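Residue numbers (the working numbering), protein chains in the order written: chain A, 6 to 300; chain B, 291 to 598; chain C, 47 to 365; chain D, 214 to 473; chain E, 214 to 473.
If you are wondering where the hints come from, they were derived from the structure by calculation, not from laboratory data. Just so we're clear, the structure is a prediction, and the values are computed from it rather than from any experiment. Any given hint might turn out to be false.
Stretch by stretch, here's where chain A covers chain B in the computed footprint (C-beta under 8 Å, at least three residues) [unchecked claim]:
id	stretch
1	318-332
2	341-355
3	427-434
4	516-526
5	529-543
6	574-582
Capping the alpha-carbon separation at 16 Å, the derived lysine to aspartate or glutamate pairs in EDC-like fashion look like this [what the hints assert, rightly or not]:
id	chain 1	residue 1	chain 2	residue 2
7	E	K438	D	D350
8	A	K264	C	E85
9	B	K313	A	D241
10	E	K294	E	D272
11	A	K264	C	E347
We put the CB at the ideal spot given by N, CA and C, even for glycine.
Chain by chain, the residues run as shown.
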Amino acid sequence: MNGLFANEDGRFAPRLSLRLRFGRLFQLLSLAAVTLGLIVLSVLILDIILNGYKWLRPEFFTEFPSRFPEKSGLRSALQGSLWMISLTALMAFPIGVGAAIYLEEYAPDNGLTRFIEINIANLAGVPSIIYGLLGLGLFVRGLELGRSVLAGSMTMALLVLPILIVSGREAIRAVPQSVRQASLALGATQWQTIQNHVLPYAMPGILTGTILAISRAIGETAPLITIGALTYIRFDLKGPLDLFTVLPIQIFNWVSLPKAEFQQLAAAGIIVLLGVLFSLNALAIVLRNKLQIRW
Amino acid sequence: MNESQHVLSTLLRPRADHDRREKLIRAVLLLFSAVSIFTTLGIIAVLLRETLLFFQEVSIVEFFTETRWTPLFASKKFGVLPLVNGTVLVAAGAMLIALPLGLLAAIYLSEYASDRARKILKPMLEVLAGVPTVVYGYFALTFVTPLLQKIWPQTQAFNALSASIVMGFMILPLVASLSEDAMSAVPQSLRQAAYALGATRFEVTLRTVVPAALSGISAAFILAVSRAIGETMIVAIAAGQQPKLTLNPLQSIETMTAYIVQVSLGDTPQQSIAYKTIFAVGMLLFMMTLMMNLISNWLTRRYREVYE
Amino acid sequence: APQPAPNQGVQGVEGTILVDGSSTVAPITAAVAEEFQAEFPEVRVPVGISGTGGGFKKFCIGETDISDASRPIKPSEVELCAQNGIEYVELPVAFDGLAVMVNPANDFVSCLTVDELKKIWSPEAEGVITNWSQVRAGFPDQPLALYGPGTDSGTYDYFTEAIVGEEGASRGDFLPSEDDNVLVQGIAGDANALGFFGLAYYEENKDKLKLVAIDNGDGNCVLPSTETVASGTYQPLSRPLFIYVNRERIDQKDEISAFVKFYLENAGKLSAEVGYIPLTDEIYALAQQRYDKRVTGSIFEGLGSTVGVSLEDLLAKEK
Amino acid sequence: MFDKHEIALSVKNLNVDYGDFRALENISLEIPARQITAIIGPSGCGKSTFLRCFNRMNDLVPTARVTGEVLFYGQNIYDSKVNPVEVRRHIGMVFQKPNPFPKSIYENVAYGARINGYKGNMDELVERSLRAAALWDEVKDDLKKSALALSGGQQQRLCIARAIAVEPQVILMDEPASALDPIATLKIEELMQELKKDYTIVIVTHNMQQAARVSDYTAMMMLSKEGSRAGTVIEFGPTPQIFTSPRDRRTEDYITGRFG
Amino acid sequence: MFDKHEIALSVKNLNVDYGDFRALENISLEIPARQITAIIGPSGCGKSTFLRCFNRMNDLVPTARVTGEVLFYGQNIYDSKVNPVEVRRHIGMVFQKPNPFPKSIYENVAYGARINGYKGNMDELVERSLRAAALWDEVKDDLKKSALALSGGQQQRLCIARAIAVEPQVILMDEPASALDPIATLKIEELMQELKKDYTIVIVTHNMQQAARVSDYTAMMMLSKEGSRAGTVIEFGPTPQIFTSPRDRRTEDYITGRFG
Ligand SMILES: Nc1ncnc2c1ncn2[C@@H]1O[C@H](COP(=O)(O)OP(=O)(O)OP(=O)(O)O)[C@@H](O)[C@H]1O
Ligand SMILES: Nc1ncnc2c1ncn2[C@@H]1O[C@H](COP(=O)(O)OP(=O)(O)OP(=O)(O)O)[C@@H](O)[C@H]1O
Ligand SMILES: [Mg+2]
Ligand SMILES: [Mg+2]
């Protein structure tokens, strides 16, 4: 190989084989990182599935919780989770994306903007239980929504907003400036430019944020317990102002019961929760893959 | 001349409907951003009153200098340092896993994996982020801890390390996903420029793509650190509830969040001083993440590379 | 078993009964609610687990109708209720036995005296009593690892009061967890372990744990069981569990009075089903009387403790 | 100077600063309507910056500050009452680096018309614009293909088609033919001649021949003085005059230095 | 054909497909060492695609498939034993659209030298490369400034400086002067004459004058046949011959159609 490029004049020392070996090592390392993550996931999921698959019978979905494991189901929790996720997404998505747009596209570079920015980053680190306290004071008591699924969703929306905003901003920032210029030069208004170009091109990144946010919201327990989501519900959820429970609370509850069968029931509950998560995310993922542009 | 009149009239007749719409949209979006301010104000309002009440009974000096934290014992000591210690220990451990592995995973997905592989692998990793944290907690306790005990027999049944490890894996997809997005958004022309100079894929990745995506990567890192500090259930289950000033990850510790959840779901009367501690601890946690964010904000502003 | 069809059961009574409070008591209330709703399909009884403290906070400002409690109401909570004009009827519903356990690999401990437990758990023991040989002459030279419920739990408070003599007074260097299943894991995986928690969790994990009998100073080693707890021979580690009912709403809302009545009638059977120990028939009868008369306030007021007191005596005194 | 031509754009005492750095200094000139005006000058002297002043694109560069006036048929477009969106709608632009939207070819062309509420037949408009930009034949079979998969020159012509499609009154072109082959260049130049019947055209070019060939008026830009890095227009007049008898020594040097 | 010149690159039966679409068809030619070879032809005929074949940049286009051989001093660079990194190290490239790194000017130039383990004085190398690319005077006071704040032409010259800095054996330039003013163009052309003493240069240009002025050999590309969209080299030879007595009718049409 070195013979090929013979007139190397000694002013460079490319040491290519070393660099290539280094690169291969690095590639292996990064592949290992992905694999390790997936192995952990598989072990975790396998463990759960082995524990719980027996309980995934039709009754598991149609029955309410009971003190008898065989008669127990997660009907109310599943309803609650679906309601809560939909309401949360409905509130958090527009607000989160809107805020991201404002900060990237409109906000002047001043103190207020910087304050908002830091504020958002900071909110991402506030423990979820504190959001629970906030939700209890603000929505349950302040707005008198009671311990309704609406109050829970609003709390959850606040909780996931930072994730949405931060990822949304990064996605929007990654849209090349030249695209904005092209659109504005055609006489598009700023909003038209955002609506027709910035948002569509940033959508894959925004959807990643949405996936992460939904994932977070669907698995959270502590803030909902604090605002008074109930663990034990034997009736159907009829509207946004109704009392509710969610899958992770039901799981949390089963896990803490003494009977071993309930532990397995919890595992089955987790399988269902992951199933819900998967189907919701699948939608976002399909969309994301469709929308991905390589510049 | 009618042309100039026409131009003049259209120029000075800014399409009123458009204009009003633009203003409205801008105002609404500003309002959306302000939600975060209201949230913060709300949190401060929730925390501040009780925190002040707490500090009327306990001196701030004791809070920050005392090395024992026993508000629920008969002999009460209010030194928050053990809790801070636990939080930092677990979060640092989790970051040691999540940041390098997450970034490496992102690099693999963005720079090495084929299009098809990426489309399959990325969502699979993201499922990791959706497993309820309670599940992770049990996983740490019943799977990771026994493993650790085989390696280091002195490992306690509840310990910081297993919580750190599992939390690291929980946060990994957050880092990987967001970083991968940032790297995918780096224009292909930059990669070409580097390749054309005889850079290997490794060098293109590390010297061109990663720096150009640094803004997004650091945003992911900050979210990850914040998430680690704020995570509750894993530590509450697997790391124990024993506030201790130690750097030994094999020991049981208690984090600030685990303490907050323990007390807020526990049997202590909510009017007691013991209960008020959670507001003081929450406030401190809030301040800590705020400091961290101020610093990282300053850093990213300095080192951000804008590409076009 | 098939669900009762909606048209079965008692008609006419409808509404929602909000229950919140201790997670220890919640399984009993949930079991009662399950049976109750089968009979009264128009009544909805959701049960929350905000903890005894969180439950009382909500109860005393009128947000809930019934509060589950693993300890009697405390003075600050009494005051809060009073401020908001909330009167309540306090009703014991079951016993919770506290079991002391070691790892099955431990072949030298079968019985411990209260004094030995005190020696192990008292605050002075912290960093001092760290080896089984220090507990009793003849125990092997083997490190001692302690497990117990979180310091925020009623169980912990009860245990420290009963063993050490002061609520919340104990050494700090034990491994606590809010979750009894976590403790099971801990003790099952640690040959040096000694720990305590609710008897129900032992019953479900007999193969992983070894139960320790308790000698209450009289030389008799007693193992906890339904009989020994109910009869009061397993002392001092059994505690009563309660529900508190909003006095005003009993009369305002038919569904609540129906529910409480149903609760007292069925608590014995149902609490046993979910792993707790029923009170004696006499105590249930006394509780029923107390309820019928709508006696408000706590029988423990001024007492501040449930350790070593006989529920039967206390309730009887009230008549 | 151009008694026979109406004045479309008139620049008065224009300065542009990027932060501390003054990029344009004290420019005044008048651009005749329905004529082609070329801006020439060495790289980095501020041609693109100057061009961006005509449709307020400099608003988008955060550090840029424009002072002075640009009158569009007598109306100062930097007046606070004027909406820049409206300005850009009437004064279109083709950029130096081709910047197609990452959408299909069709969508790229149709976009501007769509947002401006074009009421005619869109397919026709797209075809007409692509033909005018000499791109139709190459892409007619594949209008759905992503614009990013086009060659450099194709992208540039697409951007021209896109700008034409909204039928602005002025078209600013920043080196529109720099990425084009002679045939395409000629077509673009013919297109300009065509467009000039109705539109005012300002082009930046560093191709002297092109300037000489197509433009009616030429503005010669240079760094204002030795050592400074601020550009200015040192000479402006009818193209033949600039190319045959420039008054400024530097213009002569620049032009002759290149010709031949 | 060029007995006096060693052959640096030799192309044999080269085809390139983008997915289903054949972009280049059956190209064979030989590029002499230490000479300047120009590739001319209409937009979209595959000039850039062809150029990218010389340093395996097409490897980076997922849909692109190259068949045939490109021999570099006799060694097929598409051989599986050959590492593309090594190829690119020795066959440098300047792209059609300027693509500076979002780093400082200095870092842009130093980048390639650094990764290739340059042993000399980096400051000197940066200065030398920037001077060679005729950019030094404009940026010498501000080497820390972001490359993105440069004008279009400045960016292009920066990319040239960056490519020179690693001292490759062959330099491929895709329309290197398309964004440059005549002065800078002249400097680049002079630079090429300078470089050609040591280096082999291949440039794509649509500027006939430029091709005639600077190149020693010229390859004329066209779509291979009417109706097809695959490009090929229809004529190749010494530049004077191509420009004065082309053998192919289409070459003559193309060149004469443009000149004058
Ligand atoms: N990545 C790609 N995917 C699909 N088709 C492509 C891609 N890149 C180029 N093409 C097509 O291949 C043909 C040749 O493109 P190429 O960029 O090589 O042209 P060119 O001769 O350099 O043109 P120009 O002078 O306009 O730059 C064009 O029809 C173009 O649309
Ligand atoms: N965004 C910016 N920030 C700071 N300086 C800038 C910016 N854009 C351009 N400049 C500087 O302003 C000067 C004029 O730039 P401009 O792009 O207008 O030149 P130009 O005449 O169009 O050059 P070219 O022919 O190379 O395109 C240059 O010195 C350039 O470095
Ligand atoms: Mg320019
Ligand atoms: Mg090209």
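Verification of the supplied hints:
1. Counting residues of the stretch 318-332 of chain B whose beta carbon lies closer than 8 Å to any beta carbon of chain A gives 12, which meets the minimum of three for the stated coverage.
2. Counting residues of the stretch 341-355 of chain B whose beta-carbon sits less than 8 Å from any beta-carbon of chain A gives 0, not enough to reach three: the coverage restraint is violated.
3. Under a criterion of three residues with beta carbons nearer than 8 Å to beta carbons of chain A, the stated coverage of the stretch 427-434 of chain B is upheld, 3 such residues being counted.
4. Residues of the stretch 516-526 of chain B lying with their CB closer than 8 Å to a CB of chain A number 7, which satisfies the three-residue condition for coverage.
5. Closer than 8 Å: that is the beta-carbon criterion, and the stretch 529-543 of chain B has 0 residues meeting it against chain A, so the requirement of 3 is violated.
6. With 5 residues bearing a CB less than 8 Å from a CB of chain A, the stretch 574-582 of chain B meets the requirement of three and the coverage assertion stands.
7. Of the supplied pair hints, the one linking K438(E) and D350(D) holds, its CA atoms being roughly 15 Å apart against a limit of 16 Å.
8. Restraint check for K264(A) and E85(C): not satisfied, since their Cα atoms lie roughly 26 Å apart, outside the 16 Å limit.
9. Between the alpha carbons of K313(B) and D241(A) the distance comes to roughly 44 Å, so the proposed pair goes past 16 Å and is violated.
10. Restraint check for K294(E) and D272(E): satisfied, since their Cα atoms lie roughly 15 Å apart, inside the 16 Å limit.
11. Taking the CA atoms of K264(A) and E347(C), the gap is about 35 Å. The hint is violated against a cut of 16 Å.
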